[in-house]
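Undergrad: One line per chain: the protein sequences are G and Z, in this order.
FYI, in this note's numbering the residues of the first sequence are 51 to 472.
FYI, in this note's numbering the residues of the second sequence are 755 to 1009.
It is possible that some hints are incorrect.
Stated by the list, open to error - Stretches of chain G that chain Z covers, calculated by requiring three or more beta carbons in the stretch to come under 8 Å of a beta carbon on chain Z:
id, region
1, 368-380
2, 388-395
3, 399-407
Stated by the list, open to error - A few chain Z residues that face chain G, going by a derived Cβ cut-off under 8 Å, partial list only:
id, residue
4, M840
5, T867
6, R869
7, R889
8, G891
9, Q907
Unchecked claim - Computed list of lysine-lysine pairs in DSS-like fashion (alpha-carbon distance at most 27 Å, straight line):
id, chain 1, residue 1, chain 2, residue 2
10, Z, K837, Z, K771
11, Z, K874, G, K364
12, G, K70, Z, K771
13, Z, K877, Z, K849
14, G, K181, Z, K784
15, Z, K784, Z, K874
16, Z, K895, Z, K874
17, Z, K895, G, K470
18, Z, K837, G, K470
I should point out that these hints are in silico values taken from the structure, not numbers from a laboratory.
Predicted model, so just to flag it, every value in this text is computed and none were measured.
We put the beta carbon where it would ideally sit given N, CA and C, even for glycine.
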Amino acid sequence: MAKRPKRSRSADPSLIPLGKRLLSFFLDWAIWGYIAYGAVYFLNYYWYVAHIDWYGRLTLPDWAWPVVVVSTLELALLCRAFGHSLGTRLLGLILAEDGHYSPSWGKRFRYFWASHISIVPLGLGVWASPKRPWHERLSGLQLVRLPEPEVRTTPPPRWYATGWGMMALFLFGLTMALGWHITGVHLKALVSGVGKPVRLWRGLVRPDFSYLIELDPWLNDSIVGALIESVFMALLATVFGVAFAFPLSFLGARNIMATGPIGLLIYGLTRGIFNIFRSIESILWALIFAIWVGWGPFAGTLALFLHTIAALGKLYSEQIEHIDPGPVEAVTATGASRLEVMRYAVIPQIIPPYLAFTLYRWDINVRMATVVALVGGGGIGRLFFYYQNQLDWPKVGAVIVGIALIVWALDYISGRVREKIV
Amino acid sequence: MPHLIVDRLTKIYERGKVLALDDVSFTVEKGEFLVLIGLSGSGKSTLLRCINRLVEPTSGRVILDGTEITALSPRELRRVRRKIGMIFQQFNLVKRSTVLANVLAGRLGYVPTPRTLLGKFPKEDLERAKRALERVGLLEKMFVRADQLSGGQQQRVGIARALMQEPDLLLADEPVSALDPATSHSILQYLEQMNREDGVTVLCALHFLSLARRYGSRLIALKDGRIVFEGLPAEIDNVKFKEIYGEEAEEVEVR
């Protein structure tokens, strides 16, 4: 017989595990490291602070490293004491005093200096007394779990008015500013260069439909013919993709596979394979298959097919994970076997969303079919890239009009069908 | 020998280390209508689910007609489960399937899997489904999708599903908590009918003491996973009531 646990409903809930404390602290420290980097990056625009090379690598003189380490550490400790700590907030912790989250400045300051004898010497005060670390004892404050009900009669501040909220906003601003510089946003060029692709604009607004139905002798294909080819590529890839994704999706659903360690292993492997195959773009698969089976629509179809299995498999699996567990319970209780539970409690719940996803996927596949042609996948994309290489913009325009019409039509149809079934 | 023996049943939910059932023992005779009462979270649902092992007990035994359910292999367990009907607070119907499909699901334990996977049920099961639906007054709704029905109707479909199992024992997990008082009585009357006419032993978790008094032949009260009262419904007086539900509680009646 199992050992009788304590009568309490859970282990001491007030105890914050050491790992959580450490992680939150290092998060805060890392955040200040990031801010320091950002500061150097921008200060360099006005006067030289430190060398940042083309790849964004920062080089500091040897003497400067200790300064950076100590100053970021101090700032992180200050943040933790004065409620600007994102690290603790992200882990669901907050600094509190007897059930409220607004300790006095004096106590916060005491928390700050006490950290120097408790945390700075490699966390001595936390190791020595994990339940009540020294700095918490000395200041009378303590880290507690959110959302511990707070004793207050005034409404709590909005998130952006809290210390951690301001910190998060500041970090977001810094990141956007860094991103703006790193991606080389150049607004002047955006405005002044608008007329440069004038031949392209002209071609696009005056499309040349001479090969709409008639075959282009160089390509031995017409726009309508290639469009039909693309739609069929997408159709085949979708239908065969579904045939494989449907059974695999059960293996990739946690609630179905959580029967034991082997089940969980299969679940993990299936999801892992889905993710790997999904993260490799169709165009790369097309590259492989164009060599494997030769250039043409078949290579493109195979590429779309593989990507469809992975993408639909993941969506399907998630759908299975979100089913109502009630019917599963009820059907299990009747003495049904596992397969019968799937057939009578799981599948009826997932068919309509599966249909919706599948139609949506067909949509995506038609659009992707145009791109896989770039590396020899066949279909309308072949015409697109051929005319584009010839700088024959009016014909490119005609192809784009064709693609737009087909995608719009499919979008409309699948939208209507989805409305009906969900 | 009693119909059902529950012996020192304990359930600890690993996640959160919650002690849901603490050394629960009792017996049920054939043909009883046993009512379980207690606050939400007192362990009623867990107890019912431990009996047909929808929830795996941490320790203890459940014995039905001499068969130790807690010691069965998955295959044997399925054979025992088909004789234990169950109805639920949220009805647990497959909402997108028809009423008939939901009712036929009650036969899954009897029909071989290859047949059911093709959706083919024997003719006599279709007849049985019609009789079950007729009994709960829903024959004309046979081909309606389950989510088109009202709450009370859905629970009646749940009862029809349980009837299909031709059960010896019926577990009812707060079958009327999601229903209004009038519908509650109609549902419980179906259970009473099964109990009296078909001789089905009923274990029914209920919230309202007045319903427990009206339908139960015996009553067990749980608090924090332990049995705090066992006896006739009429024996519960104001003192006992406060013991079960806490000092603040006031009895609310459902007529």
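Undergrad: When the nearest CB of chain G is found for Z:G891, is that gap smaller than 8 Å?
TA: Violated - the Cβ of Z:G891 stays beyond 8 Å from chain G, reaching only about 21 Å at its closest.
Undergrad: Are three or more residues of the region 368-380 of chain G within 8 Å, CB to CB, of chain Z?
TA: This one holds; 5 residues, not fewer than the three required, reach chain Z with a Cβ under 8 Å.
Undergrad: CA of Z:K784 to CA of Z:K874, is that 27 Å or under?
TA: Violated. Z:K784 to Z:K874 sits at ~34 Å, over the 27 Å cutoff.
Undergrad: Against chain G, is Z:T867 within 8 Å by beta-carbon distance?
TA: 5 Å, holds
Undergrad: Z:K895 and Z:K874 were given as a pair; does the straight-line alpha-carbon distance stay at or below 27 Å?
TA: The hint holds at about 20 Å.
Undergrad: Taking 27 Å as the top limit, are the C-alpha atoms of Z:K877 and Z:K849 close enough?
TA: 24 Å, holds
Undergrad: Given the hint that Z:K874 pairs with G:K364, test it: the Cα-Cα distance must not exceed 27 Å.
TA: 31 Å, violated
Undergrad: Using the nearest Cβ pair, does Z:R869 come within less than 8 Å of chain G?
TA: Result: violated, 10 Å to nearest chain G Cβ.
Undergrad: Keeping to a limit of 27 Å between CA atoms, is the pair of G:K181 and Z:K784 held or broken?
TA: Violated: G:K181 and Z:K784 sit about 54 Å apart, past 27 Å.
Undergrad: Would you mind confirming whether the straight-line C-alpha gap from Z:K895 to G:K470 stays at or under 27 Å?
TA: 23 Å, holds
Undergrad: Are there three or more residues in the region 388-395 of chain G whose C-beta lies closer than 8 Å to some C-beta of chain Z?
TA: holds (count 5)
Undergrad: Below or equal to 27 Å on CA atoms is what counts here, so check G:K70 against Z:K771.
TA: With Cα atoms ~20 Å apart, G:K70 and Z:K771 stay inside 27 Å; holds.
Hint compliance for this structure: hints 6, 7, 8, 9, 10, 11, 14, 15, 18 are broken, all remaining hints hold.
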